[in-house]
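Colleague: Residues per chain are reported as follows:
Number of protein chains: 2
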Amino acid sequence: MNKHALGIDIGGTQVKMGIVDARGQLLGRIEHPTPQKEGAEAALLEIASVAKQLATEANIPWKDIAGVGVGLPGFLDIPQGHIVQLPNLSWNDVPIRKILEKALALPVTIDNDANVAALGEAWSGAGVGVKDLICITLGTGVGGGIIANGGLVHGSTGMAGEIGHIPVKQDGALCGCGRHGCLETIASATGVMRLMQEAIARGEQTILHHDESDPLTTEKIFSAAKDKDPVAQEVVQQAVDALAYVMSILSLTFNPALFVIGGGVSKAGSTLFEPLEAAYHRRTLSYVAKGVLIRPALLGNDAGLIGAAGLTAKGEILR
Amino acid sequence: MNKHALGIDIGGTQVKMGIVDARGQLLGRIEHPTPQKEGAEAALLEIASVAKQLATEANIPWKDIAGVGVGLPGFLDIPQGHIVQLPNLSWNDVPIRKILEKALALPVTIDNDANVAALGEAWSGAGVGVKDLICITLGTGVGGGIIANGGLVHGSTGMAGEIGHIPVKQDGALCGCGRHGCLETIASATGVMRLMQEAIARGEQTILHHDESDPLTTEKIFSAAKDKDPVAQEVVQQAVDALAYVMSILSLTFNPALFVIGGGVSKAGSTLFEPLEAAYHRRTLSYVAKGVLIRPALLGNDAGLIGAAGLTAKGEILR
Numbered sequence: 002m003n004k005h006a007l008g009i010d011i012g013g014t015q016v017k018m019g020i021v022d023a024r025g026q027l028l029g030r031i032e033h034p035t036p037q038k039e040g041a042e043a044a045l046l047e048i049a050s051v052a053k054q055l056a057t058e059a060n061i062p063w064k065d066i067a068g069v070g071v072g073l074p075g076f077l078d079i080p081q082g083h084i085v086q087l088p089n090l091s092w093n094d095v096p097i098r099k100i101l102e103k104a105l106a107l108p109v110t111i112d113n114d115a116n117v118a119a120l121g122e123a124w125s126g127a128g129v130g131v132k133d134l135i136c137i138t139l140g141t142g143v144g145g146g147i148i149a150n151g152g153l154v155h156g157s158t159g160m161a162g163e164i165g166h167i168p169v170k171q172d173g174a175l176c177g178c179g180r181h182g183c184l185e186t187i188a189s190a191t192g193v194m195r196l197m198q199e200a201i202a203r204g205e206q207t208i209l210h211h212d213e214s215d216p217l218t219t220e221k222i223f224s225a226a227k228d229k230d231p232v233a234q235e236v237v238q239q240a241v242d243a244l245a246y247v248m249s250i251l252s253l254t255f256n257p258a259l260f261v262i263g264g265g266v267s268k269a270g271s272t273l274f275e276p277l278e279a280a281y282h283r284r285t286l287s288y289v290a291k292g293v294l295i296r297p298a299l300l301g302n303d304a305g306l307i308g309a310a311g312l313t314a315k316g317e318i319l320r
Numbered sequence: 002m003n004k005h006a007l008g009i010d011i012g013g014t015q016v017k018m019g020i021v022d023a024r025g026q027l028l029g030r031i032e033h034p035t036p037q038k039e040g041a042e043a044a045l046l047e048i049a050s051v052a053k054q055l056a057t058e059a060n061i062p063w064k065d066i067a068g069v070g071v072g073l074p075g076f077l078d079i080p081q082g083h084i085v086q087l088p089n090l091s092w093n094d095v096p097i098r099k100i101l102e103k104a105l106a107l108p109v110t111i112d113n114d115a116n117v118a119a120l121g122e123a124w125s126g127a128g129v130g131v132k133d134l135i136c137i138t139l140g141t142g143v144g145g146g147i148i149a150n151g152g153l154v155h156g157s158t159g160m161a162g163e164i165g166h167i168p169v170k171q172d173g174a175l176c177g178c179g180r181h182g183c184l185e186t187i188a189s190a191t192g193v194m195r196l197m198q199e200a201i202a203r204g205e206q207t208i209l210h211h212d213e214s215d216p217l218t219t220e221k222i223f224s225a226a227k228d229k230d231p232v233a234q235e236v237v238q239q240a241v242d243a244l245a246y247v248m249s250i251l252s253l254t255f256n257p258a259l260f261v262i263g264g265g266v267s268k269a270g271s272t273l274f275e276p277l278e279a280a281y282h283r284r285t286l287s288y289v290a291k292g293v294l295i296r297p298a299l300l301g302n303d304a305g306l307i308g309a310a311g312l313t314a315k316g317e318i319l320r
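First to last, the protein sequences are chains A and B.
In terms of my numbering, the numbers along the first sequence are unbroken and rise by one, the last being 320.
In terms of my numbering, the numbers along the second sequence are unbroken and rise by one, the last being 320.
Errors might be hidden in some of the hints.
Pairs count within a copy or across copies, as identical chains cannot be separated in the list.
What the hints assert, rightly or not - Derived lysine to any residue pairs resembling SDA-like cross-links, with alpha carbons at most 20 Å apart:
#1 Lys132 with Asp78
#2 Lys132 with Gly151
#3 Lys53 with Ile201
#4 Lys315 with Asn150
#5 Lys64 with Asp215
#6 Lys170 with Ala43
#7 Lys221 with Leu55
#8 Lys4 with Asn93
#9 Lys99 with Gly182
#10 Lys221 with Ala106
#11 Lys315 with Gln198
#12 Lys132 with Gly152
#13 Lys315 with Gly152
#14 Lys53 with Phe274
The set of hints was computed from the structure by calculation and includes no laboratory data.
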């Protein structure tokens, strides 16, 4: 990629966009509330005008931008550049590539949010120089973006990387997907909160509590675990064990050199990463786990827009 | 690929080789006992001379062959064309590419046996036209070869596809890898035999028995299951459930359009495939499992040599 690229990360509440150079470095960025009221086409035209405003503010001539990449939270027909459904935005059946290519006069590529975050971390974040890596986002749910031999793995219908729904516990809690015991019922922020609330409700001896005036948060749970609260430690260990189990399976299947862990839960730092490293190496065949690194994500909220910009290089940036 | 290619599948007892055309069709094949006595280099030179003999017998001028692919059972440095270790042959640290390129005067590419079998089935077997597929071999162990977006997935150190070692049962039987409850302790030929022998030893009511004069075989177990022997049915169901569990995880991670099942156990036909389809769809998120096919391998023992020949096309054959 010789020119700059524009990355647009469309979320449920905010649109983040940025212009990056050929090495994935941000030259300018902007945030804008996701247009909610109008239809998808009107919203996309508003986003396009913000993109042009960003280029102007960053003093980047439009002709220096080679293409546009867009990260989207939902079901996509990636080859066709088509939104099938974005549940959070109620956008259904939207020819996003056609709309944005007309509005911006640049080639447009789309992909899902977990994939662009993985691509961003691989291009200029925690995974620079690594061709086989898996990016796991521990947030409200658990998302996965997989890069094998320098390219995003999409699968046959774009569903690759749905690692939050790998079953880890028989007869476990009900998941949003309608099944029981999925990874994200335990290792997401929601999962950790649920486990702790259940322990409190059972009357277990902990310094934590949960009421309306002083609600429980994942930060408080990890902080209590760090302070050796045994109930909080047990909750963290459950999340760590479930995650390590899935990572050991991913090692046996994809054999990545690196796991990048992002999302809100990853901010717990060593309280998460130390037991996770130990559990991963305990659970994984040593000749597969040897040398595998587990690192926190580096780009935070910018991973998505940087990776989206990286889509324009058509898979060449990591080869 | 415009020219023909030579594929060599080196196994513990037999070397199978064949010359295929640009569409993966066999033009000639030969089998030769794996040279055991001498060192690896002498063995490879013997294999090279058999390859030349094959071309002569098949009336194919050597200049019409574009390259050579080799499938090998063990640990390889694929980019370097180097054998790290083949445990069954006691070949260690062998520069196989260098040796064969000198002997054959053609470019040589190597890969492991599970991968070349998957490539063979994808190129001209059960997976023709499919870009995302997983080939599972149920033999003495359980092997996996993964093709994503038309290319073999190797992972960072060539260990991708080691699906036989995905844990499926807590505190399960000891596996050859030193761990417990791996898929291959249950769903391989060895695993099915073990489960049946244990049931017989417990005195369960079955038409099957196991003694030196009339030893148990997997064929007998599947045949008894087909005849509704309840103990044999239970053993088959255990193998099917373990395999379906791993296939559901593979669907959530790689999202293949097709699973190709090969190896000795797959010869059980509908006694295996009917409960496997049912268990897979019962266990897998419907929006991921929708439309996914499970088919028996078509190329049998030729999958490896055909896929090995396909290596010479450098990943272009399925794009």
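Colleague: Hints first: check each against the structure and report whether it holds.
Modeller: Now for the hints, and whether the structure bears them out:
Within a single copy, Lys132 and Asp78 get their C-alpha atoms only as close as 25 Å, which misses the 20 Å cut-off; across copies the closest is 16 Å, which meets it. Both within a single protomer and between protomers do Lys132 and Gly151 lie at most 20 Å apart by alpha-carbon distance, with minima of 4 Å and 17 Å respectively. Within a single copy, Lys53 and Ile201 get their C-alpha atoms no closer than 51 Å, and across copies no closer than 74 Å, so neither meets the 20 Å cut-off. Within a single copy, Lys315 and Asn150 get their C-alpha atoms as close as 14 Å, and across copies as close as 14 Å, so both meet the 20 Å cut-off.
With identical chains, the CA atoms of Lys64 and Asp215 are never at most 20 Å apart, being 53 Å at best within one copy and 79 Å at best between copies. For the identical chains of this complex, Lys170 and Ala43 are neighbours neither inside a copy (44 Å) nor across copies (52 Å), given an alpha-carbon limit of 20 Å. Taking CA atoms no more than 20 Å apart as the test, Lys221 paired with Leu55 passes in neither setting, with 38 Å inside one copy and 71 Å between copies. Taking identical chains as interchangeable, the C-alpha atoms of Lys4 and Asn93 are never at most 20 Å apart, the minima being 33 Å within one chain and 47 Å between chains.
Proximity of Lys99 and Gly182 under a CA criterion of 20 Å is satisfied in neither setting, with 40 Å inside one chain copy and 51 Å between copies. For the identical chains of this complex, Lys221 and Ala106 are neighbours neither inside a copy (48 Å) nor across copies (67 Å), given an alpha-carbon limit of 20 Å. In this assembly of identical chains, Lys315 and Gln198 lie within 20 Å of each other by CA distance neither inside one copy nor across copies; the values are 45 Å within and 54 Å between. For a Cα distance limit of 20 Å, the shortest separation of Lys132 from Gly152 qualifies both inside one copy, at 8 Å, and across copies, at 14 Å.
In this homomeric assembly, Lys315 and Gly152 come within 20 Å of each other (Cα to Cα) both inside a single copy, at 9 Å, and across copies, at 16 Å. Taking CA atoms no more than 20 Å apart as the test, Lys53 paired with Phe274 passes in neither setting, with 41 Å inside one copy and 56 Å between copies.
In summary, the numbered hints that this structure violates are 3, 5, 6, 7, 8, 9, 10, 11 and 14.
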